[in-house]
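Top line first, the protein sequences correspond to chains H and U.
Residues 1 to 158 in this note's numbering are what the first sequence lists, from first letter to last.
Residues 1 to 779 in this note's numbering are what the second sequence lists, from first letter to last.
Please note that the accuracy of each hint is not assured.
[As the list claims (entries may be wrong)] Label-pair distances were calculated between CB atoms; the ranges are:
id, chain 1, residue 1, chain 2, residue 2, range
1, H, THR53, U, ALA584, 37 to 45 Å
2, U, VAL579, H, MET116, 22 to 30 Å
3, U, TYR685, H, ASP67, 27 to 35 Å
4, H, LEU59, U, LEU65, 52 to 60 Å
5, H, MET116, U, TYR541, 52 to 60 Å
6, U, PRO200, H, ASP67, 56 to 64 Å
7, U, LEU741, H, THR53, 23 to 31 Å
8, U, VAL707, H, ASP67, 16 to 24 Å
9, U, ALA584, H, MET116, 52 to 60 Å
10, U, VAL603, H, LEU59, 33 to 41 Å
11, H, LEU59, U, GLY66, 57 to 65 Å
12, U, GLY587, H, MET116, 23 to 31 Å
Since the hints were made in silico from the structure, they are not lab data.
Every value quoted in this text rests on a predicted model; they were computed, and no experiment measured them.
C-beta atoms are modelled at their ideal positions from N, C-alpha and C, and glycine is treated no differently.
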Amino acid sequence: MTFLYAAAIAAYSGCGLYLMLSRHVVRVVLGLALLTNGAIFLIFFSGRIGSMTPAVIPLGDQELALDAANSLPQALALTAIVIGFALTAFAVALLVAAYKRLDTLDAREMTAAEDMGSPFLPPEGRPVEKAASGKADAGQGDQKMTGQNTTGEVKTNG
Amino acid sequence: MSVTLALALGLIGSILAPFAAARWKTIGNALVVAVPALLFIFFFLQLGAVGEAPIVEENPWVPSLGIALTIRLDGFSLLFALLISGIGTLVALYAASYMDEKTPFYRAQFLFYILLFMSAMLATVTADNLMALFVFWEMTSLLSFLLVGFDSTKLAARKAALQSMLVTVGGGLSLLAGIILIGVTAGTFSIGALMENPAPLVESPLFTAIIILMMAGAFTKSAQVPFHFWLPNAMAAPTPASAYLHSATMVKLGVFLLATMAPIFSQAAWFGPTLVAFGGATMLIAALQALRSTAFKAVLAFSTVASLGTITMLIGLDGEVAAVATVGFILAHALYKAALFFCAGIVIHATGEPRLNRLGGLASVMPITAGATVLAAFSAAGLPPFVGFISKEYLFEAQIESTFTAIAVLIGVLVNTVMVAIAVVVVMRPFFRPARRELHVHHGEATGMTVGPVALGLIGLLFGLAPGLVATSLIQPAASAIYGEPLDVSFYLWHGFTPMLALSILVVALGLLVAKYWDPIHVALRRRRIFDRLLDDRGYYWVLDNTLALARWSTLRLQNGDLRIYTAVIATVVTFFMVYALLAGDGPVFPSVNHPEFNLYMVGVVGLIIVGCFVAALTTSLVTAIIGVGLAGYGLALVFLLNGGPDLALTQFSVETLFVVIVTAVLLRLPLMFTKTRTPGERRYDASLAAVFALTIFSAVLWVEAVPFNPVIPEYFAQVSYTEAFGRNVVNVVLVDFRALDTFGEIAVVAFAALGAWALLRRNNVAKKKPAATPAKEG
Chain H
1 MTFLYAAAIA AYSGCGLYLM LSRHVVRVVL GLALLTNGAI FLIFFSGRIG
51 SMTPAVIPLG DQELALDAAN SLPQALALTA IVIGFALTAF AVALLVAAYK
101 RLDTLDAREM TAAEDMGSPF LPPEGRPVEK AASGKADAGQ GDQKMTGQNT
151 TGEVKTNG
Chain U
1 MSVTLALALG LIGSILAPFA AARWKTIGNA LVVAVPALLF IFFFLQLGAV
51 GEAPIVEENP WVPSLGIALT IRLDGFSLLF ALLISGIGTL VALYAASYMD
101 EKTPFYRAQF LFYILLFMSA MLATVTADNL MALFVFWEMT SLLSFLLVGF
151 DSTKLAARKA ALQSMLVTVG GGLSLLAGII LIGVTAGTFS IGALMENPAP
201 LVESPLFTAI IILMMAGAFT KSAQVPFHFW LPNAMAAPTP ASAYLHSATM
251 VKLGVFLLAT MAPIFSQAAW FGPTLVAFGG ATMLIAALQA LRSTAFKAVL
301 AFSTVASLGT ITMLIGLDGE VAAVATVGFI LAHALYKAAL FFCAGIVIHA
351 TGEPRLNRLG GLASVMPITA GATVLAAFSA AGLPPFVGFI SKEYLFEAQI
401 ESTFTAIAVL IGVLVNTVMV AIAVVVVMRP FFRPARRELH VHHGEATGMT
451 VGPVALGLIG LLFGLAPGLV ATSLIQPAAS AIYGEPLDVS FYLWHGFTPM
501 LALSILVVAL GLLVAKYWDP IHVALRRRRI FDRLLDDRGY YWVLDNTLAL
551 ARWSTLRLQN GDLRIYTAVI ATVVTFFMVY ALLAGDGPVF PSVNHPEFNL
601 YMVGVVGLII VGCFVAALTT SLVTAIIGVG LAGYGLALVF LLNGGPDLAL
651 TQFSVETLFV VIVTAVLLRL PLMFTKTRTP GERRYDASLA AVFALTIFSA
701 VLWVEAVPFN PVIPEYFAQV SYTEAFGRNV VNVVLVDFRA LDTFGEIAVV
751 AFAALGAWAL LRRNNVAKKK PAATPAKEG
């Protein structure tokens with residue numbers, strides 16, 4: 001069973017990372033959700049899996065039965081689930097706001113910060129900077145990575 | 001009164017007096033002068049006690065780290081303390097007058113820095129703990145930065161300030177590394193303890209590294225080759241600061257440290273020769289550059305660099321005489337060089353002309369300054385009966401008696417020839433030769449400004465005429481301190497007809513010759529552009545420019561606005577270190593583990609998770625991907641449910657359902673069509689990175705299982721959950737009782753996330769659409 005659990009955690013982590021490396025921000029959020037689940041599973045697993053008895057003290061007893069499940073990782077996992085959900089929900093809100101404002105779901109085109117210029121160059125030096133940054137700005141302008149528009153570099157890549 | 005108390009009061013006075021000076025001019029200025037003057041009197045009164053044994057006062061500071069603000073006042077640090085407070089008094093007096101026509105705030109700010117610097121300097125030279133010494137050392141660097149860049153509207157001043165700070169603070173880092181190594185090898189940071197028991201340090205294999213690191217720190221501070229370039233540039237500071245920091249006191253910290261540590265470091269055979277080599281090179285280069293300089297202050301600055309080189313060389317020379325010569329030279333140099341800077345400041349202030357060859361005929365306008373310059377220059381040239389003569393005699397004697405006789409004496413003669421020439425030129429050129437062009441003299445000499453140079457010049461004469469005043473009281477304890485054992489010092493004017501006297505006469509004669517032909521030599525050397533290329537601060541700018549270029553390059557590479565690159569870099573680095581940790585460990589990469597009994601339904605659940613993950617990762621439809629993530633999440637909930645975690649399962653089910661609902665709802669507002677955003681190559685890289693990451697996680701999970709389980713905490717919860725917290729559901733009790741603060745934090749996180757989401761999605765916040773993006777693009 002250990003191998004199976006390990007495989008499940010590995011699948012969460014690997015697939016989560018693969019999705020997070022995408023430039024499509026919705027996939028990034030999905031990857032984040034998977035990676036979160038992997039971390040929660042790992043916490044749960046590290047307290048040792050095996051017992052099927054919940055960590056509840058039966059009426060009349062003073063102490064938990066010895067064969068009951070480990071309570072500590074469950075408590076930690078519970079905290080992690082809630083925080084993970086809060087994080088994911090915030091990320092979703094962020095991507096909705098970003099889409100509404102920037103009209104794109106492609107991370108490459110979310111360059112509002114970069115468009116403010118380089119801290120190394122005076123403002124008049126900005127055109128040089130933009131040319132030098134090459135690929136980062138290649139998708140600028142008409143190549144919006146939205147639903148229907150997949151022109152230019154992105155198309156050839158895809 | 002203890003030294004600690006005096007220093008503390010001095011610091012308080014240094015902070016308060018300038019504020020008074022900003023408010024009430026006369027009283028404030030008097031206070032500003034009184035603070036260093038009182039400190040000088042205090043240290044003067046310690047002469048007798050320190051002559052017998054060093055004063056040591058323990059003041060705990062960070063006891064847990066073994067750092068104490070222990071004060072250690074031996075003969076050598078007392079010499080420095082007297083110079084710092086004494087010249088500090090004159091500098092305060094001078095500066096108050098120098099900045100007379102400036103606004104009160106400007107003047108007070110300058111005095112504030114000067115007095116703070118004085119406090120930091122005093123703390124540096126009296127600190128026994130090397131860590132404390134380092135902290136104060138860096139404070140002097142910072143204050144030097146503020147003072148060099150004091151005319152902050154001038155580009156040159158800002159550049160020079162940055163340069164001086166980068167060089168000295170960079171050297172300070174090297175010094176810190178050396179100090180830490182000393183602490184590691186010797187187990188103490190106390191200089192006193194090191195002196196008593198240097199064996200662990202000397203025998204350590206790190207001894208060489210320690211010396212090199214400390215040397216680098218000292219060389220940057222004392223402007224030795226190859227760091228000699230910053231000091232002349234630092235002349236952008238107002239002249240009182242130049243006189244104080246960049247000739248008399250701060251730049252001598254490097255040699256102070258070397259001399260203090262010399263009794264220990266000289267046990268490495270190469271320590272002395274290295275110092276002689278660097279000191280000699282610095283002397284020659286500085287002398288050459290002094291001949292090539294045009295500005296009054298630059299000539300003095302290069303002669304200061306040459307003097308610092310001389311002191312470095314003297315520390316490196318072996319023998320008792322070298323110790324006496326070091327102390328004598330430091331004393332004499334501080335006296336005459338500060339005076340010369342004061343005079344240069346008066347001249348430049350009055351005429352507004354910084355170039356030496358444009359000045360002339362000022363003796364009639366400012367006779368007192370001319371007189372003071374003559375006094376100081378005689379001492380600088382090493383003419384009898386000034387203290388400079390005695391120190392030069394000892395310099396030559398130390399060089400002759402050392403093992404480096406020929407080369408040391410040759411360098412000494414050459415450089416001192418130039419020093420004599422400089423002394424003659426700075427007297428004759430501005431004061432006694434007629435000006436080549438009409439000079440406009442704005443004002444005569446102010447009393448406050450002439451007191452300093454006259455006093456220093458007269459003291460130089462006094463010590464020369466009556467060396468007995470300082471021989472046993474000041475020079476003997478100081479020389480003994482840096483020699484490591486008590487010395488019987490003879491410091492007197494007339495040594496009889498010795499080889500040293502012959503050398504002195506030769507040097508004066510040659511110096512007069514060089515002074516006579518100063519202009520042709522100056523022009524000829526100045527024409528040689530090769531010296532610019534070799535000797536100026538090109539190397540510094542090369543390092544600086546390339547560092548900035550590297551920063552720019554790495555920023556463009558790493559901070560290029562592509563989220564994928566950021567994530568990929570982070571994930572690659574993390575994965576690399578995880579793999580490294582796995583492979584570098586002792587055990588196997590995949591440890592064998594005990595298998596709990598095999599449940600067929602668990603296979604199904606885990607299969608659900610794995611399938612869900614891969615569906616999410618591989619599908620090209622966003623809706624399918626969401627379903628995949630949801631499946632994987634429900635699978636995890638089932639794992640909880642089947643392994644004794646009903647609470648967890650309930651939460652996971654609700655959260656997963658909410659997640660699917662929210663993301664689906666959001667998707668209604670987003671273009672649904674799935675576009676590929678990665679090239680096949682990028683996707684291959686990402687897939688392999690993810691695979692390696694997953695494999696590493698897999699192995700790590702097996703390792704978790706292979707490590708023996710420690711059930712102490714869950715057993716404790718199981719025992720006391722009902723008896724102490726009165727709850728039967730142990731998980732709940734843990735959440736709300738044992739780890740209640742964690743839960744509180746969790747609630748806070750959720751609240752902040754909700755607030756953040758609300759702020760992001762408010763209607764008026766998203767009203768600002770890009771104008772170009774308005775055409776319908778919804779899918």
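Taking the hints in turn, this is what the structure says about them:
1. Between THR53(H) and ALA584(U) the beta carbon distance is about 40 Å. The supplied range of 37 to 45 Å therefore holds.
2. Taken as a hint, the range 22 to 30 Å is violated for the pair VAL579(U) and MET116(H), whose Cβ atoms sit roughly 38 Å apart.
3. TYR685(U) and ASP67(H) have their C-beta atoms about 47 Å apart, which leaves the hinted 27 to 35 Å range violated.
4. About 55 Å separates the C-beta atoms of LEU59(H) and LEU65(U), a value consistent with the hinted range of 52 to 60 Å.
5. The hint said 52 to 60 Å for the Cβ distance between MET116(H) and TYR541(U), and at roughly 29 Å that hint is violated.
6. Checked against the hint of 56 to 64 Å, the C-beta distance between PRO200(U) and ASP67(H) comes to roughly 58 Å, which is consistent with it.
7. Evaluation of the 23 to 31 Å hint for LEU741(U) and THR53(H) yields a pass: the beta carbon distance comes to about 28 Å.
8. In this structure, VAL707(U) and ASP67(H) meet the distance hint of 16 to 24 Å, their C-beta atoms being roughly 22 Å apart.
9. The hinted window of 52 to 60 Å between ALA584(U) and MET116(H) is violated, with their beta carbons roughly 43 Å apart.
10. As the Cβ distance of VAL603(U) to LEU59(H) is approximately 35 Å, the hint placing it in 33 to 41 Å holds.
11. Distance hint for LEU59(H) and GLY66(U): a CB-CB separation of about 58 Å, consistent with the stated range 57 to 65 Å.
12. Our hint of 23 to 31 Å for GLY587(U) and MET116(H) is violated, since their Cβ atoms are close to 50 Å apart.
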